[in-house]
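Chains A and B, in that order, are what the protein sequence lines are.
Going by the working numbering, the first sequence opens with residue 202, and the numbers climb by one from there.
Going by the working numbering, the second sequence opens with residue 88, and the numbers climb by one from there.
Please keep in mind that the hints were generated in silico from the structure rather than gathered at the bench.
As the structure is a prediction and not an experimental result, all values here were calculated from the model.
Ideal Cβ placement from N, Cα and C applies to all residues, glycine included.
Keep in mind that a hint or two might mislead.
As the list claims (entries may be wrong) - No more than 30 Å apart at the CA atoms, straight line, and that leaves these computed lysine-lysine pairs for DSS-like:
1. B:Lys-468 / A:Lys-253
2. A:Lys-248 / B:Lys-449
3. B:Lys-372 / B:Lys-188
4. B:Lys-449 / B:Lys-372
5. A:Lys-248 / B:Lys-302
6. B:Lys-504 / A:Lys-227
7. A:Lys-267 / B:Lys-393
Claimed, not checked - Sample of chain A residues lacking proximity to chain B, with all beta carbon distances greater than 12 Å (derived):
8. Ile-250
9. Gln-256
10. Asp-290
11. Thr-294
12. Glu-302
13. Lys-304
14. Gly-310
15. Lys-311
16. Leu-312
17. Asp-314
18. Ala-322
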Amino acid sequence: MIKKILIIISFLAICTGVSFANTDEKKVCTGFGTWTKDGEYKIVRSKCITEKEYQASLNAPDYLCKYYQKSIWKESERPYGKKQYQYTDSSLTKINALKDEGKALCDAGKLRDGEAKLVEAIKIISHTRMN
Amino acid sequence: MKKILSTLSTFLFVSSIATSVFAAGDEATIKKLSSMYKSGDATQAIVIPQDTKFAANVKKNILPNINLPAGFSISVFAVVPDARHMAVARNKTTVWIGTRKDKVWQATDRDMDDIADTVEQFAPTVKFDIPNGVCFSDDGHLYVAERNRVLWFPAAEYFMESPDTVAVPIIDQGNLIPVEEESYNHTARVCAVNKADNKLYVSLGQPHNVAPADKLDLYQEVGIGGMISFNRFPGDLDRKVVATGIRNSVGHAFNPKDGSLWFTDNQVDGMGDETPPGELNRMPKMGMWYGHPYTGGGEVRTNEYKGQTIPKKDADRYVKPQVEMVAHAADLGMMFYTGKQFPKKYHNAIFSAQHGSWNAVKPRGARVMVTYLDSKGNAKKTEPFADGWMTEMGTYLGRPVDVQQYFDGSILVSDDKAGVVYRIKYEG
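Using the sequences and the hints given, assemble the complete structure.
Laid out in structure tokens, this is it:
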């Protein structure tokens, strides 16, 4: 009886392991697509990482340092993002300076200090009127 | 019809002794249309061809990817460019569809095969400005909530075939919000009629990622970052702010069972890929506060107001979300299912659209959700109902915006990326 239970437990453990492995291997992709003149949908560019890699990136100590920098770039430097807000030259200069300071602190391993500087930049963006 | 004309006559008398400010660019037209005169504008309605290669491609490339529960199927109801929020007529198989541009479309199934035969521009002589919000009342009136104006189209089912449609401002251009607060982003209005007080309810998104402190008093007073109600016929507007603390709601509906108002809310950007959550809210009574700008979504505090004490006047009226949706999914239009076509488990459930967002590494949204309620009218469970508008590569095939019930109990889903309205039916 005990032997049978052990076999069942072993079987379940293997199945669970396979299941987790499959979850880990599941891809997280970002991409862009377009309609061709022939009416076909074509993926132009895509970038994939595994779910495991994605989760690891979310839990990395420098996640917020990287995330905030990217967010600042998207909203205040990337042309489309920048167009959405009523920035002044001085607010953009300030955002840029805070981003540089934050990045330098993050690169130096002072992650919390770096995040704080980057959040200051994001606060300016957040409170800027949208177009 | 008699009642509508009577109401209109009353308005014409009132308007003859009152002065109004009309939309920039179409003041003269609106003045004529609201007095039931021809505009003199020769603009004809744009007609969208339906039997095209594009429509065939949507059927070939998108529909086979959509996953639905067993017994359901999806088809193309209409090709509608930039399709956003929808209003379904009462006596005709017509659906009005708003856009975030300058047009309202009307799609009509004339031969009763559940496919729109004509899709054309509604009221082409009116110069609309972000006419996203369309709603139709049980007594036959169409309302269009624009960026900064609300128009009433009495007897729209009857007047819709003409380029000159009677159009009466309920809130004149520039009076929905202060002109200096106008923006392009967060100004896709939605509207709904409350049967309990017969008023129109319109949401007013606030024009920031996070509203700054120096704007909060003004916004609470006007209803920006909230919702307002007002009379839906000309005369005393009786404008009231019914909810505040909302960042940008683009979907609301009244529960027909208990009359409570439910709404979606889009939450703060720049806090993380998986935070803060999107929201589905219930308004237990009027005048409640929903957290913004102190909370970014759910009960997650914003970086901008972290550590600050929430003012007592707001904290005392705080209502937390009924459902926390996945972050950055952009929950938009919603409806309560009152039909009989769908299985019983869907009766009085909420269907809501997730538009999806690029503001996260992991693409999400692009699906229709269903939320079941318990016997007390609270959310019990939320799950995907229809998905597949996003490929495994993270590419959007379509982006659902709104869900509305069609006359036969099937549901319509608008998609502003593909530019179509789908119909989902149940046959068992």
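Structure-based check of all given hints:
no., hint, result
1, B:Lys-468 / A:Lys-253, "holds, 28 Å"
2, A:Lys-248 / B:Lys-449, "holds, 11 Å"
3, B:Lys-372 / B:Lys-188, "violated, 34 Å"
4, B:Lys-449 / B:Lys-372, "violated, 37 Å"
5, A:Lys-248 / B:Lys-302, "violated, 41 Å"
6, B:Lys-504 / A:Lys-227, "holds, 26 Å"
7, A:Lys-267 / B:Lys-393, "holds, 21 Å"
8, Ile-250, "violated, 8 Å"
9, Gln-256, "violated, 10 Å"
10, Asp-290, "holds, 19 Å"
11, Thr-294, "holds, 19 Å"
12, Glu-302, "holds, 17 Å"
13, Lys-304, "holds, 16 Å"
14, Gly-310, "holds, 21 Å"
15, Lys-311, "holds, 18 Å"
16, Leu-312, "holds, 15 Å"
17, Asp-314, "holds, 15 Å"
18, Ala-322, "violated, 10 Å"
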